[in-house]
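Residues in the sequence shown are numbered consecutively from 368, following the numbering used here.
No lab work stands behind these hints: they were computed from the structure. Remember, it's a predicted structure, so these values are computed and weren't measured experimentally. You may find that some hints are simply not true.
Below are the SDA-like pairs computed for lysine to any residue, each with C-alpha atoms no more than 25 Å apart in a straight line [stated by the list, open to error]:
#, residue 1, residue 2
1, K576, M383
2, K576, M561
3, K576, A566
4, K576, A407
5, K576, E387
6, K576, G381
7, K576, P427
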Amino acid sequence: MSRDLYSAVSGAFGAMRQLEVVANNIANAQTTGFKRERVAYEAHGLGSAYTRIADGLIDPRDGVASASGSPLDIALRGPGWLLMQDGARGPVLTRDGHLGVDPVDGVLRARSGHPVQGIAGVIVVPPGQTARITDDGAVIASEDGEIGRLRVVIATAEPLGQNLWRPTSALVDREPTLVAGALEASNVDPVVSMVELVAAGRAFETLHKIIQTSDELDARLNDYGRGA
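Construct the entire structure; sequences and hints are all you get.
If you want it as structure tokens, here you go:
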């Protein structure tokens, strides 16, 4: 296989991955707190015909914060994730700030159902009380006052699906910066993403044709060699 064909095959795999990522971005254009992903490429050694697809990169820009009317909703601002615990997977992260109180045990939970971690652990709202969250991450019960503070962490992460992420680095705590009573929109621009999708599709088609043409030429050369 020629060097140019290696490059075409490598590029085709990259275009396929780009199609997958952009399609997922478009599908989550209305998902609360979703962060756009993009594909990065890196050379596989000096002078190599291969291009390795690096891990997906997260676009860190904030989505628009819009009032939701719920005293437990929050829109994170700047870098950081809400920290939660999953019994099977350990710590999981999200930017989805739609929170609620479990009517059975009073635990503050994320939309996914995971308990939201506070600085001192799981936050529990006392029976018969309501709660609200302030702009600095304090959880205030209607009678008992402050009962906890949201734990916001900085970490690199990889997607788990369902708007959840798994940390791939050490967790670094940061002071919460958020808008109370609001939710963060996805930072995906559907128009830009559609342009990216079309470009990736065309790139894949072009590279696929190059590979097909090369295969046909190889077959003809083999036939010619056998007939000589």
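Okay, the hints, checked on the actual structure:
1. K576 with M383: holds (14 Å)
2. K576 with M561: Given pair K576, M561 holds - Cα atoms ~23 Å apart, limit 25 Å.
3. K576 with A566: holds (16 Å)
4. K576 with A407: holds (23 Å)
5. K576 with E387: The given pair, whose Cα atoms are some 20 Å apart, holds under the 25 Å limit.
6. K576 with G381: holds (15 Å)
7. K576 with P427: violated (36 Å)
Hint 7 from the list above is the single one not met by this structure.
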